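Chemist: Sequences and hints are given; from them, build the entire structure.
Residues per chain are reported as follows:
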Amino acid sequence: MIDRDELLHVARLARLALHEDELDSTAAELSTILEHVAAIKELDLDDVEPTAHIGDVSDSLRDDSVATSLPVEVALAPAPAVRDDGFLVPSPQGE
Amino acid sequence: MTEVDLEPVIGLEIHVQLRTATKMFCGCALGFGEPPNTRTCPVCLGLPGALPVANAEAIHYGLMIGMALESTLASVSTFHRKNYFYPDLPKGYQISQFDLPLCSGGRLGEVNIHRVHLEEDAAKLNHAGASGRIEGADSSIVDFNRGGTPLAEIVTEPELRSAEQAGEWLRLLRTTLRTLGVSDVNMEEGSLRCDANISLRPVGSEQLGTKTELKNMNSFRFIERGIRAEVERQRALIEAGESVTQETLHFDPKSESITSLRSKEEAHDYRYFPEPDLPPIVITEAMLERAKAALPELPQAREQRYIEHLSLSPESARLFAWRAELAEYFDSVCASAESLKPQIAANWVTELQGRLGDQEAEDSKVSPAALSQLASLVEASTITQGSAKQILDELVANGGEPSEIVAAQGLEAVGGADELAPIVAAALEANPELTARLREGDMKPIGVIIGEVMKETRGRADGKEVTALVREQLGLS
Amino acid sequence: MSDEIQSLSAVAAVAAIADGGLSREEIFAHYRSRAGADELNAFTWVAEQAPAQIEGPLGGVPVAVKDLFCTEGIPSQAGSKILAGYRPPYTATAVANLEAAGAPLLGKTNQDEFAMGSSNENSAYGPVLNPWDKTRVPGGSSGGSAAAVAGGLAPWALGTDTGGSIRQPASLCGVVGLKPTYGAVSRYGMIAFASSLDSAGPLTRDVSDAALFYRHLVGKDSADATSVAFPESIEIPTAERLDGITLAVPTALVDGDGVEPGVRASFEASLETARQLGATVTSCEIPSAAHALSAYYVIAPAEASSNLSRFDGVRYGLRRDESNLDAMYTETRHDGFGDEVKRRILIGTYALSSGYYDAYYGRAQRVRTVVAKELAEVFAGADFIVTPTSPTVAFGLGARTADPLSMYLSDLFTIPMSLAGTPAISIPSGLSEGLPVGLQICGPAFSENRILSAAYALEQAIGFNGSAAWGAKR
Ligand SMILES: [Zn+2]
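Chains as they are written, first to last, in the working numbering: chain E, 1 to 95; chain R, 1 to 477; chain P, 1 to 474.
By construction, these hints were calculated from the structure, which means they are not laboratory data.
List of simulated lysine to aspartate or glutamate pairs, EDC-like, C-alpha gap at most 20 Å: (1) R:K215 with R:D195; (2) P:K373 with E:D46; (3) P:K373 with E:D47; (4) P:K220 with E:D56.
Sample of chain P residues lacking proximity to chain E, with all beta carbon distances greater than 12 Å (derived): (5) Q53; (6) A265; (7) A468.
Since this is a predicted model, take the numbers as computed values, not measurements.
For each residue, glycine too, the CB sits at the ideal point set by N, CA and C.
Modeler: Following this line, the structure appears as structure tokens:
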């Protein structure tokens with residue numbers, strides 16, 4: 001149902017490394033699950049509206065008033081790597 | 001190879017940072033050059049458990065933009081998640097809009113608007129070079145101050161046909177947004193950013209060619225130059241029988257070269273889905289009324305007013321109305337000398353702008369009061385048009401008061417028969433041959449006589465007056 | 001004294017503290033000591049001492065909080081290696097509400113990683129053991145919270161429920177678990193699994209405790225755009241009868257193959273008890289219930305795949321392989337997430353990806369509409385839907401880990417209410433082979449007071465005694 005190439009594509013989108021020894025078992029597990037959930041593909045749902053949110057919320061907006069920001073040292077405290085008060089990361093390629 | 005006329009098809013995507021007090025989905029104040037990462041909170045850092053709440057003022061600004069662009073405003077608008085990974089995107093998705101944008105359709109000037117939607121800005125990624133921490137790897141530093149700033153993305157239909165038209169239209173849009181007061185619209189600072197979708201097609205064809213996307217050009221000049229360069233690049237490809245590749249491009253204004261932005265072009269799959277953390281936004285009557293009440297006079301209304309109430313020429317009216325800064329400068333010039341006819345003031349503002357190039361009049365050394373004084377001196381015949389232009393050069397270069405320059409350099413016009421008549425008589429006397437032709441009714445040599453008089457008066461004479469004196473002295477009627 | 005404290009329900013403890021018969025310090029020290037001696041692996045962190053200033057109607061009775069909730073300066077790891085040692089700079093609204101009402105934090109409880117699981121075996125911090133039988137699972141994902149209350153290590157606990165994660169462990173551990181109406185309790189600071197389904201609620205020793213706890217949990221939160229004000233105050237239930245109440249049983253679902261005989265017997269006995277209390281028991285249909293499970297296992301992973309994208313090694317948590325950005329992303333997430341989380345990220349990414357969205361995510365959302373409509377139709381003719389909470393009693397550790405799908409089927413009875421956003425409670429209905437069985441009572445949105453009232457009446461009549469698990473060794 002989901003083959004290695006598809007699995008690798010999806011893993012790429014999810015930025016999830018899959019090592020060679022994980023590929024076949026993962027593809028098999030996902031296929032089992034997908035086969036089960038695929039039952040919904042057979043339902044006639046053409047006249048049914050999708051539900052993205054449950055319940056009615058009318059007052060969901062926020063006033064444009066300033067709240068206190070975090071001190072920089074608090075913001076950076078959990079970071080794996082920091083430099084010059086910023087979060088240090090390997091540069092994206094092609095930049 | 002047969003020559004086919006190719007026409008450019010250009011659409012613009014403009015990102016405008018909204019000038020709200022706080023970010024799109026959290027209460028952090030917007031950042032303006034503060035030290036890095038001092039404008040962050042759990043929401044805009046994408047900390048586990050944090051949730052977005054949409055800023056009502058950003059929605060309000062979005063509605064104002066939609067009204068100014070004559071868009072259809074949504075009655076219910078929803079946010080979606082646009083999923084992709086990048087270090088400047090803390091949640092791994094950008095909250096944007098997808099199938100129910102705040103504004104659909106619309107028109108500004110002669111260009112139709114496709115849509116306007118709201119989203120959050122990315123953080124800033126600063127290149128840090130090779131790092132000690134990350135061994136051997138090139139590294140970057142992320143500053144989240146900008147992350148989460150409200151953005152309105154305005155997308156035009158692909159209806160622009162030249163780089164110049166794109167630049168001119170973008171100025172109108174900028175003026176409109178500036179007039180609305182919803183953004184600083186400063187391209188250098190990034191509060192207005194423009195991408196262009198460009199393709200070529202044979203004139204008369206309805207079908208669109210393969211388009212490229214030219215990214216993030218940060219000044220009007222670069223936009224025009226970038227589009228021109230890309231149009232030429234595509235034209236050369238097509239004329240050489242090659243095909244245009246759909247890709248994202250970067251224009252380097254220094255070298256005027258265009259480079260592909262992504263080394264390995266990866267198929268994007270943003271997996272848009274409705275943002276479950278944000279319920280649909282119902283646009284109420286009260287919200288619409290508030291936005292409507294907040295609308296100021298917009299450029300096209302201003303253009304009409306200039307023509308109808310100030311009797312400006314259509315050219316002047318449009319020039320000013322489409323450039324808010326120039327219009328404001330013009331208004332100041334008029335205000336500082338009420339007796340000055342608006343069109344005269346307009347002519348002098350145009351004259352000044354011609355000398356300034358890319359610089360805005362308000363940023364020049366010429367104050368509106370100085371310009372109105374200069375114009376008034378000409379109107380009162382205290383100085384000649386020619387002297388005034390010399391003085392304007394002086395003002396542009398060094399600033400100052402026109403009346404003081406006139407006094408210091410003795411530029412008062414030489415006027416009246418008493419002063420000017422002997423000089424005219426001397427010029428006629430010195431050129432007997434030309435004087436004879438003039439006497440016979442051949443007026444061509446008059447220019448030479450005027451020139452002589454101007455030389456003698458250092459340009460302080462009025463050409464019309466000189467002509468009248470020549471006629472008088474030679475007995476011509 | 002210790003046995004006396006242990007024997008008090010939270011409501012009774014609050015009363016004792018108010019009377020002066022018990023001090024805040026005593027009750028905190030008692031549970032601090034029991035939680036510190038945790039043999040169930042229910043806690044991942046235990047407080048050294050109560051915060052100095054705890055005042056309020058909850059009287060200082062301490063609360064165990066699922067590790068999915070952010071607590072300022074205190075490890076909040078969501079059962080995941082990717083958050084090992086992570087201490088957030090802020091506290092979740094639900095926890096802050098409880099603290100403000102006078103319930104200090106006793107400790108953080110173990111859970112399935114990012115709330116994904118029904119057995120608590122998907123925790124990077126080890127499985128939680130069921131206090132009724134330590135060879136069995138406590139259920140999940142709020143297994144630590146359920147086991148802590150059932151084992152007498154905490155007076156009450158905060159959990160979360162996305163597809164059954166409060167109700168199912170409550171059932172397997174013999175405690176009360178309430179999944180609220182969606183939006184009634186703020187999600188701010190609760191690490192997101194599936195945002196449109198996630199809810200936070202109490203796991204308690206009895207129904208009255210659940211009501212008192214829940215009273216201080218609900219409320220509109222300006223930091224959660226999906227939160228709503230609860231339309232009435234939550235009352236401590238007193239009803240002893242069920243006269244005039246109609247209970248609807250989705251017969252086709254309950255008679256299905258997967259329901260253990262002991263569970264069915266206990267359920268039948270509960271229905272009989274309800275009749276004796278004056279209730280009418282009818283049969284109803286939820287035709288799309290089976291599809292609800294499928295829809296859930298599309299929607300929840302889809303939202304989770306997006307919610308978990310923020311764990312990228314940039315701002316917090318684990319980081320692996322800094323040789324380049326892509327390697328950092330992919331290896332950090334490979335090493336930081338457990339197998340079940342990775343499975344769901346992949347399923348969810350697939351379901352949202354170009355070409356599959358309509359067939360999976362789009363359809364699942366439509367199934368959601370159908371399920372909500374079917375439940376509403378039942379509620380038009382009945383006060384409550386009742387089912388067993390779980391088709392089985394607690395199963396053995398490792399019994400289902402090899403087969404993710406069989407694990408998913410544990411949620412068959414709890415998922416329809418999650419999709420519809422409606423409230424449901426699980427109360428102990430008895431024992432089967434010495435292990436607790438749960439009864440689920442579900443009502444329409446914002447019917448929590450009525451659900452608590454009916455649950456209380458049944459609880460009194462059933463007379464379940466959970467104290468057997470406080471020191472059980474098997
Ligand atoms: Zn913020």
